[in-house]
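Novice: Listed below, chain by chain, are the residues.
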Amino acid sequence: MLKIKCPICGNRDETEFSCGGEAHIARPLVDNKLTDKAFSEYLFMRDNPKGIFLERWCHTSGCRRWFNLARDTISHEIIEVYPIGQMPKTAKGKKSYQANWRRRSKAEAASKPAKRIVK
Amino acid sequence: MANKDLDRGSRALTQKSKRYSIFSLARNAASYHQNWQQAWRHAEPKSAYDAVIIGGGGHGLATAYYLANIHGMTKIAVIEKGWLGGGNTGRNTTIIRSNYMWDESAGIYEHALKLWEGLSQDLNFNVMFSQRGVLTITHSEHELKGMSRRVHAIRLNGIDSDILTPAEIKKRVPTINISPDIRYPVMGGFVQKRGGTARHDAVAWGYARAADDLGVDIIQNCEVIGLRRNGSQITGIETSKGFVKTPKVGCVVAGHSSVVADMANIRLPIASRPLQALVSEPIKPILDTVIMSNAVHMYISQSDKGEIVLGAGVDKYNSYAQTGSWPVPEHMAAAAVDLFPFLSRLRMLRQWGGIVDTCPDASPIISKTDINGLYFNCGWGTGGFKSTPGSGHIFADLIAHDRPNSIALPYGLKRFETGYLIDEHGAAGVAH
Numbered sequence: 001m002l003k004i005k006c007p008i009c010g011n012r013d014e015t016e017f018s019c020g021g022e023a024h025i026a027r028p029l030v031d032n033k034l035t036d037k038a039f040s041e042y043l044f045m046r047d048n049p050k051g052i053f054l055e056r057w058c059h060t061s062g063c064r065r066w067f068n069l070a071r072d073t074i075s076h077e078i079i080e081v082y083p084i085g086q087m088p089k090t091a092k093g094k095k096s097y098q099a100n101w102r103r104r105s106k107a108e109a110a111s112k113p114a115k116r117i118v119k
Numbered sequence: 001m002a003n004k005d006l007d008r009g010s011r012a013l014t015q016k017s018k019r020y021s022i023f024s025l026a027r028n029a030a031s032y033h034q035n036w037q038q039a040w041r042h043a044e045p046k047s048a049y050d051a052v053i054i055g056g057g058g059h060g061l062a063t064a065y066y067l068a069n070i071h072g073m074t075k076i077a078v079i080e081k082g083w084l085g086g087g088n089t090g091r092n093t094t095i096i097r098s099n100y101m102w103d104e105s106a107g108i109y110e111h112a113l114k115l116w117e118g119l120s121q122d123l124n125f126n127v128m129f130s131q132r133g134v135l136t137i138t139h140s141e142h143e144l145k146g147m148s149r150r151v152h153a154i155r156l157n158g159i160d161s162d163i164l165t166p167a168e169i170k171k172r173v174p175t176i177n178i179s180p181d182i183r184y185p186v187m188g189g190f191v192q193k194r195g196g197t198a199r200h201d202a203v204a205w206g207y208a209r210a211a212d213d214l215g216v217d218i219i220q221n222c223e224v225i226g227l228r229r230n231g232s233q234i235t236g237i238e239t240s241k242g243f244v245k246t247p248k249v250g251c252v253v254a255g256h257s258s259v260v261a262d263m264a265n266i267r268l269p270i271a272s273r274p275l276q277a278l279v280s281e282p283i284k285p286i287l288d289t290v291i292m293s294n295a296v297h298m299y300i301s302q303s304d305k306g307e308i309v310l311g312a313g314v315d316k317y318n319s320y321a322q323t324g325s326w327p328v329p330e331h332m333a334a335a336a337v338d339l340f341p342f343l344s345r346l347r348m349l350r351q352w353g354g355i356v357d358t359c360p361d362a363s364p365i366i367s368k369t370d371i372n373g374l375y376f377n378c379g380w381g382t383g384g385f386k387s388t389p390g391s392g393h394i395f396a397d398l399i400a401h402d403r404p405n406s407i408a409l410p411y412g413l414k415r416f417e418t419g420y421l422i423d424e425h426g427a428a429g430v431a432h
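Sequence lines, in order, name chains G and E.
Going by the working numbering, the first residue of the first sequence is number 1, and it counts up by one from there.
Going by the working numbering, the first residue of the second sequence is number 1, and it counts up by one from there.
With the rest of the complex left out, here is chain E:
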């Protein structure tokens, strides 16, 4: 479980003038918002760093922030091939929860949730974390029994989780049909009230701004093309903007993990698959919680803009094209209409795909490698967004101390040799 005296990394920004507050808002309103300072510098790579993080998504930026803030490593860089948060950070359905069944998962996801709960204050950036609750519904007697087993396991780990009857679900979600005569009758469910959603772009921007303030160089449009090493020690990385010398490289590149691992001749059990999501046209508020269904296989919520946000499972074949296959959104829409018939009248506004790094046991890899100074944080698959702060926090600790802490320990690559897998496939629910 997450340690109690957790260092959240919540120090004030070094440059007081940069702080966002009601006063800065008023001051800038007076000048028609023309004079807001830039949120982060556009850095070019220096010749050497103490550590380099490959990947400028939420996880990578969080890693850099915690490295600088908690571990005092400020001579570091984040290298991003595209733009910040342009990969899976900006392509998910923003669901946050920690109701996982296994102890190891409870440790890592609850650690993340605890960080989420103060993140806006820690970063001085509103990440719009909204604890609107995550409600998982069940449609059969057997699913109901499986669910209660999970709920009790989750509660034993001190994580909030409550079983609801159909009537209680109806009270929370008036639009849901709880008639026993429908194709997928709602037999019951469970809710994590501390779960919810956050604004995904804000998470990337908030971490980037706070890391930049501590002196971290954030380098966009810079692709890593090779890793240089001396024997079994990493010495630097080759990038599209030249060679950068560094003794420590943290690789947080999600769907491209295998591509970077190949540069270092490291094997990963990862398969890169598209995970799609879609939104409807915006409508007035109708759904104030997140609803998931394992049997129908979808999850649904309503964004602050009013769009109905839908997601489901991964595409069935490996791909690096950030789009995905049409039968999948069709399934998503069909499943959503099964549960909420009123959705059938809505038009789809956008559909997109992100390339997720799926792992055989549906749990992440946070690990040292056979090469000294090369660390991997990958395998989050379809459930990475919810763990962004926890992932960065733990990975920064691993990079700084060159040994995994108690939360990261079970997530080493070693588990694929020992067979001690953390199998969350059935246990985690649909959108893990």
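Here chain G stands alone, though its shape is the one from the complex:
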């Protein structure tokens, strides 16, 4: 049984939570030029590491807030809990974020608005 530290409610049993799978999957912008193959990497393909995994959880039976978790998929050790919209702060969490193939995927590149040219 995992003990998960909800950012709002504190330590609770895993049965109060739902796991939402891989975190930091950004949806490509509406006017993307992606091929079906590249779009499928956003829609269906998932990082599935043996080691540190960044994932989303929701405290379904509590405050119902979503948050992120860095967890080891071998030992189930929870490395850190951090808010939605933020990046992991621990070294292991950062490394896992960078190691994910998604960081170099076309779908993720297409999720960021083009930089405005400032004259």
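Don't take each hint at face value.
Unchecked claim - In silico BS3-like pairs for lysine-lysine, Cα to Cα no more than 25 Å straight-line:
1. Lys94(G) to Lys316(E)
2. Lys37(G) to Lys284(E)
3. Lys50(G) to Lys81(E)
4. Lys37(G) to Lys368(E)
5. Lys114(E) to Lys145(E)
6. Lys3(G) to Lys241(E)
7. Lys368(E) to Lys50(G)
8. Lys50(G) to Lys316(E)
9. Lys241(E) to Lys106(G)
10. Lys5(G) to Lys316(E)
11. Lys50(G) to Lys95(G)
12. Lys171(E) to Lys81(E)
13. Lys106(G) to Lys368(E)
14. Lys50(G) to Lys241(E)
It is worth saying that the hints were derived from the structure and are not from the lab.
Got chain G; can you put chain E on it based on the hints?
Specialist: Chain E alone, transformed into the frame defined by chain G:
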């Protein structure tokens, strides 16, 4: 649907002396069973093979067997990190059935069931395939209606499936409570009489022995640590026992599919989750069929040893630890006691978990990849055991001919680009 003139790969073993029969049993009994030959050689990797199968579970061994037997590729190896059948092959609840709703699924699972029906003879190894029937029960009016839709779809594909009334269920399973006043009243159900169970270890051992007899090298305790390629052509694999040259690699590693795919920079839609099961202490025969319930979410049968075998759904988060989380077996036991109150007095004997490769549409991936000579057979998720012979048969065909046959075609990775998913989540029942 499965092709009618199916090559089962049922040729006699090449070494007649190795055949198991009533005579060999009598002969060995005379020498106090001290002189049984080893079932397969302990091979060390050679420097090159025509094809290498990664993963020595049921699916991998079946692939190797059919490659050698039907396609004549005998210079091949099966590479296994641990021991044969030590992963999900030895960790499931051994249920076999083919009552899936979609046409594509009917094709693949019925193909497997047809192979199951003669497997012991084909392999000259008793896999203890027992067609004791798989009975799915329903607990509400709506579930009953959904069920009849499924049953009719299944029957249209020529697969046996019969709707049962509560009274008929009671006749088949005298221990079940069909009172309308209980928490989960049994409103009806359907049975696939050709479904049943098999001895999971025997499946791995039977395929291993038969493949070994045809010259396949089965290499245990050998981990794959890398894939070598030249441009877009696979050239070999790096293992803990050195480099092995090969133009064809078939990857059948279930929960570790993403790990191997990462070595080749291939993306998969797989999430690795623990699937748990448990057995009770052995008791006298009380349940002679398999019972499944979608609403209560569990499946139950009794093993030949007398243990009550229970299973349910996957754990809710990704994991590579072959154990699982405690709330899941607790749920399983609670659901089982809801249906069979007498189970509450039994003690749990063992609990275990296997890491299953779950796919977004709950259907497998049997596919070529962007790399020539690299093939994947994965994504079986929670329903791999029942398809072991079919999976190996089809995958061997894909590897030998480098093109998917009509059964494998819908299961390519391409479906995640086209959107032509084979969504068996709701359609397949609980233990798919």
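Novice: Against this structure, judge whether each hint is valid.
Specialist: Now the hints, each set against the structure:
{"no.": "1", "hint": "Lys94(G) to Lys316(E)", "in the structure": "holds (24 Å)"}
{"no.": "2", "hint": "Lys37(G) to Lys284(E)", "in the structure": "violated (55 Å)"}
{"no.": "3", "hint": "Lys50(G) to Lys81(E)", "in the structure": "holds (15 Å)"}
{"no.": "4", "hint": "Lys37(G) to Lys368(E)", "in the structure": "holds (15 Å)"}
{"no.": "5", "hint": "Lys114(E) to Lys145(E)", "in the structure": "violated (29 Å)"}
{"no.": "6", "hint": "Lys3(G) to Lys241(E)", "in the structure": "violated (40 Å)"}
{"no.": "7", "hint": "Lys368(E) to Lys50(G)", "in the structure": "holds (24 Å)"}
{"no.": "8", "hint": "Lys50(G) to Lys316(E)", "in the structure": "holds (16 Å)"}
{"no.": "9", "hint": "Lys241(E) to Lys106(G)", "in the structure": "violated (37 Å)"}
{"no.": "10", "hint": "Lys5(G) to Lys316(E)", "in the structure": "holds (17 Å)"}
{"no.": "11", "hint": "Lys50(G) to Lys95(G)", "in the structure": "holds (14 Å)"}
{"no.": "12", "hint": "Lys171(E) to Lys81(E)", "in the structure": "violated (47 Å)"}
{"no.": "13", "hint": "Lys106(G) to Lys368(E)", "in the structure": "holds (22 Å)"}
{"no.": "14", "hint": "Lys50(G) to Lys241(E)", "in the structure": "holds (22 Å)"}
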